[in-house]
Amino acid sequence: MSETKRGRTVAKAAAVVVLVVVVFLMPNILSGNKYWLTILTLLAINVLLVSSLRSVILINEISLGHVGFALIGAYAQALLMMKGGLTFWPSLILSGLLAAAVASLLGHPFLKVRGIYFSILTLLTAETFRLVVYYWTGLTGGSLGLVGVPSPEPVTLFGRTVEFNTVNTYYYLAVGVVVIALLILYHFERAYINFQWRAIRDDSMLAGALGINVVGFKMVNFTISAFMAGISGGLFAAFQHNLSPDTTSRFGVTMSIYLLVYMVVGGQTRFIGPLIGTAVLTLVAEATRSIAEYQPMVTGSIAILVMIFLPMGLAGIPAQIQTWLRKRRLRSAEAPVGGGTER
Amino acid sequence: MKSFDVWMQAIVNGIALGWLYVLMAMGLTLMLSIMGILQLAHGEIYMMGAFLVYYLTRREIGIYPAIVVSMAAMAVLGVILERVLFRPRPGRDVALTSIVISTGLTLILSSAAVVGFGLYTKSLPPLISGSFDLFGAGVPKDRILAIGFSVVALILLYTFLKRTRLGLAMVASAQNREGSFLKGINPNHMSMAAMAIGCALAALAGALAGSILQLHPYMGSLPMINGLVTIVLGGLGSIPGAVIGGMILGLLNGILPVMFGAAAASVAPLVIVILVLLFRPKGILGHE
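So the protein lines, in turn, are chains X and A. The first sequence begins at 1 in the numbering used here and counts up by one. The second sequence begins at 1001 in the numbering used here and counts up by one.
Just so you know, these hints were derived from the structure itself, not from any lab. Some clues are possibly wrong.
As the list claims (entries may be wrong) - DMTMM-like mimics (lysine to aspartate or glutamate), calculated; alpha carbons at most 25 Å apart, straight line:
no.	chain 1	residue 1	chain 2	residue 2
1	X	K34	X	D202
2	A	K1282	X	D203
3	A	K1282	A	E1178
4	X	K5	X	E189
5	A	K1282	X	E163
6	A	K1122	X	E293
7	A	K1122	A	D1142
8	X	K327	A	D1142
9	A	K1122	X	D246
10	X	K112	X	E189
11	X	K112	A	D1142
12	X	K12	X	D202
These figures come from a predicted structure and were not determined experimentally.
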């Protein structure tokens, strides 16, 4: 038993090393193909957003409003850099903190209600933020969008100046920030606070009776997750250089839906789920680019099929195969000759 | 200072919008309380209903028969959706499953609408043309007629739920699924009825909205969100609560843009919902 366990740990470590090397060498592998590097950078930003959405699942709530926090982060980043005169890094942190502050203000009334009500309220929140940005033309440019968000300023590293105004270099910056953010989220999932979150997830009434401050711990979770969503928005703003609050833009209801689908297709019970779901569905979207108008149909069908046939998502396939094999082995042991096919 | 005419129109528009939200909220609340699902594709049913009316009227069918046909067609679609997609599966989290399946459905239906109906806005023929004089201000007749249809539909629904056997069975199933099952009420049949009625009401709302406003493949998301907010405001499962919630939202959406401009008005629903939740977490007329 311990032999297989050690083998699995080694395999996991090897997979992580291979992943890191591949991610690091990706611009070289793609030989600077701008199109694919743009997609990969957006993929990394989306993975962070979906992971932040997934961290709310830890307290058994489904948020449809993380697009709203990403919007706050993106516009805060853009306005702080363009009108506030701040540099990239302070405004990235500030935009995350602003999203977190808004979330903690909303958290108190929102987290008192549970279940589907919370989803409804977060959906309303995201749409409200979008409409405010859409109509507040003086500050945000309204439906024309906010154009000309500057790139991060160059950094001098080991005597070499690194500029972040190309896709090639911004890829490293975005992936670096996303990896750090994911490590923080992973830490929270393994830290002591996760016991309280799990207690709340499994039975919030019992958790409250045991002396756990249910609303308080839920608010901590919601605030952290909004912070990460804000950071992803800030990364997006400095990458795309222009922002738009249209219905069909990145900050509309449709994007909330996509994020949820990414999460569930990957498998919301695993930490790796958002990465797998976002990567697979981004690749599917690229593969169906020639039939772009049918592409939401493909994504929607995948979401429904995964929900019906793979409740644990793509990340849960190995576990499902294992249980299936075990069942088969048991059955074949019970019925040795000729009885293997019947159920 | 805006003229009296503008205010009157804002109020009438607000009330008409509010009744559309009430119609959406009734369907959503039926599905939420009987099936326990959040049907996020309800806005797309509304859009499909409106477009069906549009294509029927293009084929020289009068608008009233077209609305009836569209309501019936959406009811059938609702039954099919319930049977194929929303029937509960053992061992699954109903909330997450329903949200994901309905969002997938949203993607499918809205992109089908983009492909099939095109991105250009269309409009239905008006229910009735002209306007009449109310306290010296011109009020368009079609708004009043839309309000009238919504009120009639709601009264019919109310009598159905309170006076007929099927309606009472649906209420019982919403109150206690297991208990009513023991009394011989099949929850799956109740879910089918809830989906059928909800989708028919959405088609009606879409057709009325299509004659007042415009048709667009993405027209459904805002009424759907406002319908959900109406439920939160009024309290789940309360018809008078939904009417109050819908009126509050509709009047806010009608009057505030005239008063303070669109940016301030778009925050109002969120503020109202937060205020209501702080003092009455179950909604204005809600109860356990």
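Now for the hints, and whether the structure bears them out:
1. K34/X x D202/X: 46 Å, violated
2. K1282/A x D203/X: 20 Å, holds
3. K1282/A x E1178/A: With a Cα-Cα distance of about 23 Å, the restraint between K1282/A and E1178/A holds, given a limit of 25 Å.
4. K5/X x E189/X: Roughly 22 Å separates the two Cα atoms, so the pair holds.
5. K1282/A x E163/X: At roughly 54 Å apart (the allowed maximum being 25 Å), E163/X and K1282/A break the hint.
6. K1122/A x E293/X: Within the cut-off at roughly 20 Å; holds.
7. K1122/A x D1142/A: The given pair, whose Cα atoms are some 17 Å apart, holds under the 25 Å limit.
8. K327/X x D1142/A: Status violated; Cα separation ~64 Å.
9. K1122/A x D246/X: Roughly 20 Å separates the two Cα atoms, so the pair holds.
10. K112/X x E189/X: 23 Å, holds
11. K112/X x D1142/A: 41 Å, violated
12. K12/X x D202/X: Judged against 25 Å, a Cα distance of about 29 Å means the pair is violated.
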